[in-house]
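Participant: Residues per chain, in single letters:
There are 2 protein chains.
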Amino acid sequence: MKKLINDVDTLLDESLSGFAKAHADIIQLSSQPHFVRRLQAKTSGKVVLISGGGSGHEPLHTGFVGLGMLDAACPGQIFTSPTPDQMLAAAQALENDAGVLFIVKNYAGDVMSFEIAAEMLDYPNATVLVSDDVSLDKNHSTGRRGVAGTLIVEKMLGAAAENGADLAFCKSLGDRINQHTASMGVALTSCTVPALGKPTFHLDDNQIEMGVGIHGEHGRETVGLMVATDIVERLLITITDGLQLKPGQQVLLHVNGFGATPLMELYLIYDLASQFLQKLGLSIVRSLVGNYTTSLDMAGCSLTLTIVDDELIRLWDAPVHTASLRWGC
Amino acid sequence: MKKLINDVDTLLDESLSGFAKAHADIIQLSSQPHFVRRLQAKTSGKVVLISGGGSGHEPLHTGFVGLGMLDAACPGQIFTSPTPDQMLAAAQALENDAGVLFIVKNYAGDVMSFEIAAEMLDYPNATVLVSDDVSLDKNHSTGRRGVAGTLIVEKMLGAAAENGADLAFCKSLGDRINQHTASMGVALTSCTVPALGKPTFHLDDNQIEMGVGIHGEHGRETVGLMVATDIVERLLITITDGLQLKPGQQVLLHVNGFGATPLMELYLIYDLASQFLQKLGLSIVRSLVGNYTTSLDMAGCSLTLTIVDDELIRLWDAPVHTASLRWGC
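Taken in sequence, the protein lines are chains A and B. Going by my numbering, the first sequence opens with residue 7, and the numbers climb by one from there. Going by my numbering, the second sequence opens with residue 7, and the numbers climb by one from there.
Bound-form chain A, shown alone (with noise of 0.2 Å):
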């Protein structure tokens, strides 16, 4: 294993300090227990939005701390949920009179630290739970995966926040950008761990992994490998499918790295998207083409579709400025 680290155990601390150090204008990391907080927090009417989750997705989630998205982020050790005081430290330092809302993705770690969390908060609350990832069936044992449609959510429910909707608005309307929100992932390759030294799993030279997790979990299968436009053709039709689009209808269209795959090759797998949906009769309204829910090096990309209204494009569009989102300001 080759990474630019000293220790694995030191590797997330040196990080985040990196991070706090290079966007000092935006944001400010908090230690024991760690968190990144939005600098210049409003103190009085703006619900509270707070995510987290293992780390090695970077820049989700606190590449997305900021103006018009969220107010904290609490990040756990690689792959690895974080602990219950780092949300309710967060949701202390942050809170006002409108009350916190967490946003999480829907994997049984993190549920289960912001329910801990959420149960010794002494003032209002609630939870969006996000679960795009329709490479699982929707009545899955433990339900769907949250994945890059998380920034989309994030994104939406900052400027609403930012706008002063209350939390019940935001509450249903993170629901309802969820439930508008559909993803799938095709790896070419593996992840490193660093704490583990190998390749989570094995692909042979000829192998690609369709409907894969963003942690290299498992997917739908495991399938030779084949050129681009029949790749987009299989992740656009179950995500259309699960989204149930018909002709007519508004996307944005998020085209994810999962970390090692070249801009290049994100533009032509937008290209060739771009021109499946348009066939099926959709317009595409908005569009987000880069690495922003990564696996840390894994090689290969996620297609995300939300159906979107003027109200959510107006969301879409809203200033936001963080370290790796910034437009409008």
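Note that these hints are calculated values from the structure, not bench results. Hints should not be assumed to be uniformly reliable.
No copy labels: a pair is met if it fits in one copy or bridges any two.
What the hints assert, rightly or not - Think about it this way: if two alpha-carbon atoms lie no more than 30 Å apart in a straight line, the pair counts; the simulated DSS-like pairs of lysine-lysine are:
(1) LYS252 - LYS177
(2) LYS27 - LYS285
(3) LYS8 - LYS285
(4) LYS27 - LYS252
(5) LYS204 - LYS8
Fit chain B to the given chain A structure using the hints.
Facilitator: Here is chain B on its own, set in the frame of chain A:
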């Protein structure tokens, strides 16, 4: 070789097509010959900035076309220089009364192509040659290579040109920024050029390449894997020597990933670099961390320092609206 592509021969076209669709609000793709041009280019009083080079380094250069940065970028095939007709067509499409400035990374093929294009232009033009790679000796036979510092030259020159600086001023400013910029990289793995189908160079499991070029060129030396602190120290000793930095000086620090390096590692490198520079009495006044000048799927990073004064800081901070660098608007 596993890539998200259809065919090696159509990869660039399909990728550019996707790029143009995803960013239709900022740029436009012209074909035969290929160049990416800014929408809403000024028709008078603004020096036209044109760069280009082999593809595979995305987002450089196409991702930097837009308000406050480049007016056009001319992409060659992967790791292959663009041809003079591309720069000529871009210049002719965008020219106005203020003249044209080429920003060229110092590679023989790029230099030759841009020189031919310059000779064919019948209106005022100049060229800024970027040669920031201090892993090579200053007196190297072909001069130093242009690497990640190119982004800094393009950003600052873009702001100056947007503000109405004339051609002579832009040329002189570009040369000054280049002289005040130094970079050096390290590779953990090779990249794989699609047309070649196998890694460009070989590194053992315990080896890294110090001073690697952005096409995987052999660098200063192949050395054993070392901890990140030692890697950063080696890179920064060469860089700070190259710039003859003195305590008290202000610098911009750019940590650039080569494409397959997790953001966690880049921020860790930033942390170590900032500690090292602080010990030297240097002041980091601006930062940029991310995958900006990539080498397809190479793992590793480069460090770039630019000595800045108030003028250069203002140019760095000025509004920019491109596909991959955006702030202030």
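Participant: Up to 30 Å between alpha-carbons, please classify LYS204 paired with LYS8: within, between, both or neither.
Facilitator: both (10 Å within a copy, 19 Å between copies)
Participant: I want to check one pair: LYS27 and LYS285. Are their C-alpha atoms no more than 30 Å apart within a copy, between two copies, both, or neither?
Facilitator: Between copies only: 15 Å across chains, 47 Å inside a chain, cut-off 30 Å.
Participant: Can you give me the call for LYS8 and LYS285, within, between, both or neither, at a CA distance of at most 30 Å?
Facilitator: between (44 Å within a copy, 27 Å between copies)
Participant: At most 30 Å between alpha carbons: which applies to LYS252 and LYS177, within, between, both or neither?
Facilitator: Within one copy only: 26 Å inside, 54 Å across.
Participant: Given a CA cutoff of 30 Å, do LYS27 and LYS252 count as a within-copy pair, a between-copy pair, both, or neither?
Facilitator: between (47 Å within a copy, 22 Å between copies)
The structure shown violates none of the earlier numbered hints.
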